[in-house]
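Chain U: place on chain B using the hints.
Protein chains: 2
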Amino acid sequence: MTAHASVDGIMARLTGMVGERATRAPGVLDGHGRSEAYHAPRPPDVVVFPDDADEVRRIVRLCAETGMPIVPFGAGTSLEGNAAALDGGLCLDMTRMNRVLALNAEDMDVRVQPGITRKQLNAQLRDTGLFFPIDPGADASIGGMASTRASGTMAVRYGTMKDNVLALEVVLADGRIIRTARRARKSSAGYDLTRLFVGAEGTLGVITEVTLKLHPQPEAIFSAVCAFPDLKAAVDTAIGVIQSGIPVARIELLDAMMMRGVNAFAKLGHREAPTLFFEFHGSPAGVAEQAGLAQAVAADQGGLGFTWATTPEERSRLWQARDNTLYAGLGLRPGARAMVTDVCVPISRLTECLSLTARDIEESRLIAPVVGHVGDGNFHLLILIDPADAEEIARAKAFHGRLVERALALEGTCTGEHGIGVGKIDFLEQELGEAVDAMRAIKQALDPHNIMNPGKIFRQHAGEGGSRR
Amino acid sequence: MTAHASVDGIMARLTGMVGERATRAPGVLDGHGRSEAYHAPRPPDVVVFPDDADEVRRIVRLCAETGMPIVPFGAGTSLEGNAAALDGGLCLDMTRMNRVLALNAEDMDVRVQPGITRKQLNAQLRDTGLFFPIDPGADASIGGMASTRASGTMAVRYGTMKDNVLALEVVLADGRIIRTARRARKSSAGYDLTRLFVGAEGTLGVITEVTLKLHPQPEAIFSAVCAFPDLKAAVDTAIGVIQSGIPVARIELLDAMMMRGVNAFAKLGHREAPTLFFEFHGSPAGVAEQAGLAQAVAADQGGLGFTWATTPEERSRLWQARDNTLYAGLGLRPGARAMVTDVCVPISRLTECLSLTARDIEESRLIAPVVGHVGDGNFHLLILIDPADAEEIARAKAFHGRLVERALALEGTCTGEHGIGVGKIDFLEQELGEAVDAMRAIKQALDPHNIMNPGKIFRQHAGEGGSRR
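Taken in order, these protein sequences are the chains called B and U. Residues 1 to 469 (the UniProt record's numbering) make up the first sequence, in order. Residues 1 to 469 (the UniProt record's numbering) make up the second sequence, in order.
In isolation and in its complexed conformation, chain B is listed as follows (with noise of 0.2 Å):
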């Protein structure tokens, strides 16, 4: 716990650093502590807003001596909690840091600040010919993007935050700055640091900087919706097409209950059945050849037909009413909050992994629209919650411990892409076990005392809370 004495003496510090940029203004320190998931808002001692990797490696070292925990902040669009402020401490906001720094075209690469979202991102790189293609939905900023080594709808086709970061600067928990790997393609040369942390959540370091692969902009885009006469038909079609090898940009899936609420939100007249949204890349002749191909696939297993989506706005309508699941999700039942579940499984898995949870989610009575990047194994259900009933809450809770059962008897994992935060810590230790504590001797040898986003992925001893406030 942080002694509000000590967080005085902090924060004039602080101001002598960095003025005005660091502050503990009520509406920042709350604004700071919520997040888009249902988790209980979780609020800083204090915010401070960086402008360089200098002021950071100044800022870890003030807390280094002081003991005070550092929780980076990005676009706030994570759902585990992953930046909730446990403990209290000071939290750096990194929105000022969100410069292109390094623009390679002839490489395929860019070097950015981590508070850069996507969007920005794609907004810059509009007239070189490149695009960075992860997209998890929101908007959100790179590092917070490596940091729960995010994937999204098109990582079925380009990866996800591990396959498309090159490299990293870091300030690790002693103050000192370092970058994990050169800028060349690809390299043997010691740990791979880069994918170390990549998906730590912030415990490891503060990313200050991060080289991504880019992407040619595809030369031509069909995208398509599907609709089809049950789930199954739909996920055996999605398996379908990964199989015969297509390489589909995007294949997801939305249950009819998800199709009612993206009607609803975004003012479209899309069936409200199990349907799959596709997305090609490529020549102009590749994408016809794919596209066959995957109709061929759909109509074996009774699709109703594709709706092509040709024009740019066509296809930015499609893919928005996709990307707003989650406030579309919400709008059906007004007041209430998700709790966002992220198992994701073997393919062969998936249609049985469906299954058996749509009849759990009916025997729970729990209000729960399906979305899913199906191509990669990974759904998600926005289970619909009365953030006052706490009897539902449990009934949820217990639903998910369920669903992540089900997931690991079936070879998969509790969370594809939204990392463990605070919400799945138990879950990790089912997951891998023993090796938990392989990351918890890790975590040890970096983050001696532990200021590094304290109470993320693992307790750091065993039988500890997950916060200690």
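Simulated from the structure, these hints should not be mistaken for laboratory data. Ideal placement from N, C-alpha and C gives every residue a C-beta, glycine not left out. One or more of the hints may lead you astray.
[As the list claims (entries may be wrong)] Ranges of calculated distance between the beta carbons of each label pair, as one might list FRET restraints:
| id | chain 1 | residue 1 | chain 2 | residue 2 | range |
| --- | --- | --- | --- | --- | --- |
| 1 | U | Ala394 | B | Ala441 | 39 to 47 Å |
| 2 | B | Asn263 | U | Asp139 | 55 to 63 Å |
| 3 | U | Leu304 | B | Gly292 | 34 to 42 Å |
| 4 | B | Ala441 | U | Glu20 | 35 to 43 Å |
| 5 | B | Ile221 | U | Arg317 | 34 to 42 Å |
| 6 | U | Ala394 | B | Asp52 | 41 to 49 Å |
| 7 | B | Ile221 | U | Glu314 | 32 to 40 Å |
| 8 | B | Asp300 | U | Pro312 | 25 to 33 Å |
| 9 | U | Ala394 | B | Ile221 | 55 to 63 Å |
| 10 | U | Arg333 | B | Pro312 | 57 to 65 Å |
| 11 | B | Ala441 | U | Thr15 | 27 to 35 Å |
Showing chain U alone in chain B's frame:
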């Protein structure tokens, strides 16, 4: 140093565990101290051939108890002394653990023991419609390939080992067995231990199982060679192909001297000029489109025309020639050993790096044919040295140092795929500076007594020599 008295005692206990699969026969020790490169042989004190993970666990516990170094050994094809027994100790030869444990064709993944070689694996996959694409040339073991983060000719299309290992089973230095991940295609469940052990060269634990991604056997494959008037035209063609986004499966550069070696070794009649070897994978229409685009880029650069290998036999002959460049290169100077360099630079800097290097080779009076995975910016020189000529070896080492400095100045790495081993320890310090301290901290946390392949990648304590012998 391991005292012989204690080796006798350990040998007795090993014999009790595994019988004749523990041996001190001089021929076996000698065979496990050699490598394909120029490094002096460093044989272990004992070689053990374990049959399963539980035996590995018991052997590791014995070594932990007695402080005996453990060096995991696969096919012995590494090039940087990665499996040299610098301090003697116990060599774990994994070649008996070469079974396929579980093939999941629907999910396109396979779980194997680490001793299986890539050719053994692909032979077993032949009738499944799937294949494992990573091809470092030599018939390396999968465990060894994971440990050096190997890549090779198809990385430009299919990625490296870091992209194709889904999960590992690892015996840690204290004898505990962990699994780093589940079988799901993606996960955000805690630190990416999979990627930490991939490329760790056996310094953090012994890999006992590997779960690999597989890929659909391409419907159509086109292969071709194209000679160029000079090296720059060949390299600029490779750069142009990559930058056009053509999803080429392989694009390999051989310089004129290397072509002479290949012709002599494989009794072929290729033009002895800088040459690109191409391969395209896809649907028949897609492959024709890719090949046409690449031909146009080559023609723009003055390429001397594509020669196609159309039948599987011709294709296999073409790529066998490429795969044997190490032996073909050695044939250019009978009795020589090869010092193999491995720098990798951003592709936009490749022409500059190669042309400066060509001049340096000449000025250094070295014989050094070039073979490169130019699509990734990675190339090798086989510096052919007389192992008895100390002056020439010193000249070659000085040249290698300048090559690495040049690559680092161009934002590249000292090793694209061979690893650091014992040969590039100082280069790693130059390349990553204080990041190497973070690697040391991780090593100390997971292997506090430094028994796992000691002396590789970095010196555990500053100022320490590469070997204590």
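Hints, verified against the model:
Separated by about 42 Å at the C-beta atoms, Ala394 of chain U and Ala441 of chain B satisfy the suggested range of 39 to 47 Å. For Asn263 of chain B and Asp139 of chain U, the hinted distance range of 55 to 63 Å is satisfied, since their beta carbons lie about 57 Å from each other. Take Leu304 of chain U and Gly292 of chain B: their Cβ atoms lie about 38 Å apart, and the range 34 to 42 Å holds. At roughly 37 Å, the beta-carbon separation of Ala441 of chain B and Glu20 of chain U lies within the given 35 to 43 Å, and the hint holds.
Checked against the hint of 34 to 42 Å, the C-beta distance between Ile221 of chain B and Arg317 of chain U comes to roughly 40 Å, which is consistent with it. At about 44 Å, the beta-carbon gap between Ala394 of chain U and Asp52 of chain B stays in the expected band of 41 to 49 Å. Remark: the range hint 32 to 40 Å for Ile221 of chain B to Glu314 of chain U is upheld by a beta-carbon distance near 37 Å. As the Cβ distance of Asp300 of chain B to Pro312 of chain U is approximately 31 Å, the hint placing it in 25 to 33 Å holds.
One distance hint, 55 to 63 Å for the beta-carbon pair Ala394 of chain U and Ile221 of chain B, holds here, with the actual separation near 57 Å. One distance hint, 57 to 65 Å for the beta-carbon pair Arg333 of chain U and Pro312 of chain B, holds here, with the actual separation near 60 Å. As the Cβ distance of Ala441 of chain B to Thr15 of chain U is approximately 33 Å, the hint placing it in 27 to 35 Å holds.
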